[in-house]
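S.K.: Please build the complete structure, drawing on both the sequences and the hints.
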Amino acid sequence: MSRLPAQDHHWIDQADPVRFSFEGRNYQGYRGDVLSSALWAEGVRVLGRSFKYHRPRGIYSLAGHDANVIVDDGQRTNIRGDQLLIENGMQLRGVNTSGGLERDRLRWMGMFSRFLPVGFYYKAFHTPRRLFPFFEKQMRKVAGLGAIHPGHAPVASPKDYDFCDVLVVGSGPAGLAAATAAADCGLKVMLVEEQPRAGGSLCWQWTADPVATQLLSEQLAAVQDSPNITLRCETQAAGCYADNWVALVDRRRLTKLRARAIVLATGVIEQPAVFQNNDLPGVMLASAAQRLLHQYAVSPCRRPVIMTANDEGYQLANELADLEIPVAGIVDLRCDADPTTWQNRTTENGIPLFPAHAVYKAHPGRGKKSIKAVTICRLDDSAVPDRRDRQHLRCDGVLMSVGWQPNSALISQAGGRFEYSDELNQLVPSQLPDELFVAGRANGIYGLADQVADGRRAGLAAARQLGTWHQPLPETTLSPERVPSHAYPIFSHPGKKNFVDLDEDVHLADIVNAHQEGYDNVELLKRFTTVGMGPSQGKISNFPAVRILARLNNASIAETGTTTSRPFYQPVPLGHLAGRRFHANRRTPLDQWHRDAAAVMVHAGAWLRPEYYRRDDHSRDELILAEAQAVRDSVGMIDLSTLGKIHVCGPQAVEFLEQVYTGRFKRQRNGTLRYAIALDETGVIIEDGIVARLADDHFYLSATSSGAATFYRGLQRWAIQLGLDVTLSNATGQMAAFNLAGPASRKVLAQLTTADISAEAFPYLAARQVDILDTSALLIRVGFVGELGYEIHLPANQAAAVWEELMQSGQDQQIRPFGVEAQRLLRLEKGHLIVGHDTDALTLPSEADVEWAVAADKPFFVGGRSLQIIAQRPLTRKLVGFRFADQHPGPWPEECQLVFDGTEMVGRITSISRQSTLGHAVAMGFVKPELASAGTKLEVRVSDGSRVVVAVSDLPFYDPQNSRQQLESD
Amino acid sequence: MAQTFSIQRSPLQAWHQARCDDWCQLGDTSLPRHFTESASEMAAAAELALCDLSGSPLVEIKGPSASLWLTTHDLPIPQKIYDVTRLDERAWILRTGGDEFLLRGLPGATIAELTPHLPPAGFHDRILTTHRQDALLLLSGSRLAELMSQTCALDFNQLETDRVYLSRVATVNCGLMKDRLGTCPVCWLWVDPSYSLDLWSQLVQIVDELGGQVIGAGCFYPELG
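If you read the sequences in order, they're chains A and B. Oh and the first sequence: position 787 is 787 in my numbering, straight run, nothing missing. Numbers given in my numbering equal positions in the second sequence, counted from 1, plus 970.
I should point out that these hints are in silico values taken from the structure, not numbers from a laboratory.
Part of the chain A face toward chain B, derived, beta carbon under 10 Å:
1. ALA156
2. THR255
3. LYS256
4. PRO589
5. SER641
6. GLN769
Note that CB positions come from ideal geometry on N, CA and C, so glycine has one too.
M.R.: Dropping the structure here:
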């Protein structure tokens, strides 16, 4: 056990044990422990396995800056152990293993590392070709992290919006100061902190400093007491987008925050040193060790070596000494560091110092699950380890404190730019957008008092930007007394296990080799080596890689550049992005009636429509045919409320329609309707429907259910562009519509209206207002399904009552509701096309056999000029009918399957029904014009590769004389 | 005695029918009076509640002569697009475009009562008059902003009253208007009837999670028969 005595500032409650299991074994931690800290306290050192070589890994940053510890809880996968607060009963396992972390069967992969350098998959395993499927399958098995659990029950996440004047990201000393400064200026402040508690580095780096602890207490009290500040802990700012839109992510949800100004006090990310075996359990960042000590009361090691290039390493050494944890030595990379207070104390504590030395190699313990010693070397004048001057130090851990880089992701995303400071050996912000402010160590400021002052400055600067602070801003210093970061803590080793990127197992030689192959640009290097492309997104690997590349190119850091940071800062569960999974369907006013009538509903664009109605034990096909037959024999009714319905009114309505449609409307009489098609500017069919003239200056249009919204927008655009005096209104959702169709439809309707709907008074293609029950409705005689039929268009709020009455009054005619499948069959029998189904994004009127609806001699209509051009070219396809041999046993083609003439592909099927009221299968599709004559025999290739013989047929299949739909007598 | 319903129906009628047996008549539309005890619903109305008031008259007047028509009949024209002018206690005029207006009657009114000069439905004298079928929902209570924060990108606390906002609530295009009924903060929300059931269902779920309630029209209009 490595647990230390409880202290007030710890984040755990040692009076509240928590029991959980990891890799099948039971452990105990305390309330407030994260998985990594609880396991480390229990002496567990292997917390994960690396991606490629499956090397054992332990704690590294304990801040979410690495991806060593990734676990699965049986429901969720890829959970970060450094940030997972343990709960009683949790059952967790590591990901990316075969047989568990301890006995991972893939741990031998490291032995073949020489065959698996970066980019190996570009060069190997694709020959011999016959083996490629095998290689691919094996690689897929070992690639990836985590497994999706098919039985996982998704939980809706309450995604929400929020707003504030100033968003402050980071609650360290600078962030707390910025928040209170802005709030004191009357601004509404949102302060977010990724960790479970506010305080930032004050919670782990300064706990031994009474001034710092007092500061933390005062700052937290100021935040809590301010009514203008909302503090959200365990919340990451996952991404910064245009116009100060920031995605905040916590355990439950994603918040879409809009801020008027943003202060980023995101601090710095500690950077590792690169040496042989710098990835093994026991090697960690000094800040991780301090988090273990001061947040979780866990000793990081029994006897560490500290590798440092700054004061923080000495500070850590003294903290360990104060806790009676012996330090094997401090290995200082610097040759010329002046003694500081911290260094003097380490000397007093009797800790051996090794200035101008580096850790050259960490020696693995048994199974590489720990380290047992390090070899340190003196650095020569070129700062290269001199192997002739080396020493062996016995230890079980290496704590690295060699430098920092700003936590820059959000700054970059928000439009900030950086420059490299040679004084600090780190990037610092150089240009920021007007509403973006940076404070604290992210700004290159390291002294505690300086950080607080800089935070206050940033908060006041935000307030000045927003107009609530009008005085000069306080000055802050940007240069620390001492350089916090080493310029090049990277050391070569022939063993090639000195890792630059732990996520992707990229070591130093990989980068050198990639450079030699020509990947000498930071973007190319990243993509070829995958450095920075793992789950931790390069937080501790990007900058070391930049340093290496700069040295290889003999260039400066500025010349080398960095890669682009993009959201998300940390992984975000897909469930958070899905939120509540809002997906609103459109429903007709008869929706409940259909469900009560056992309709099987189907999505038709945004709408839900009845596909067919279930009855008894009949099959789907039987019911669809029965519904269609009912229409042919007597009467059926379909809910057409999904149809687009558009009013076009005004003194120039006729001119407008003449220009947006292909047909003519000038001479259309009031009370009649016409079929119309609309084209786009390339001459392609985009819509069809009816145009009913209700008055001289008032037309009522229909459009397809799925295309209505787009068509209406197009009409609006054309109205503006053509500059015509028209008024448009989209009544699609406001009106319901039914089609009452069949030879008995007139009889049924006549019972509910006093209007004269006789054949003489209400001929085919008539349209007029009538009263049905007490409702004023637009009645249209139309024949999409090929029978005597009436479309009834009426206000949506009265539709249900009228539908119910029609169904009631049609009982003695055996009226039957029919769904979209029966309607599709009926119209297919009539050879009526469906735009978007029998037409595609290139179909011309001439191909779809609707040239009769095109008044080509009009001076202008949309698409007309294109048709003139196209008319000079030969036709390439025509829409025709297809028939099958009588008694064709199958198999049956499906829509979109190809039509062949011998070996030549000559067309495709667009619509097909195996059954029809005619007693045989019917289909439509495209063929080459020269093959479009009735009787031409062709073949359709079906799913199993076999061919079905079809014969081209004239259209329509049913009632070619159209006598049924123009039924003049009952 | 079985409940009989008027020929005009709220698009949410089926949802209500499965949950309510206390109905009232709001203008020409039958609506739930109360789902549970009125005292509990009144309390919910003050904190967080959702109420269907569909059937309230909504007439769209649009066209080149729409503004002239308003002026000719001594009706005030909202100055800017999205402004709202109250006619009296029973109606508002909302401006949704240069030549587009909505005459909104408050629950209980009929179309005929909006103004004696209303043009007939259809296109006359260069005005297209449409009797809209939008569902009208009333969101109420002191915690209204919590509901809106989960469904709408607008900063509800910053919205002005007497102003129309066209936005999306739970992905559905809606018109919104912030208001007060007495001391109770409310938001009127109108939506195409074809989307209303899915929107309503989503709002009900969130209201329920937040501890609110669906209430009947009787909470706000106890005088309804």
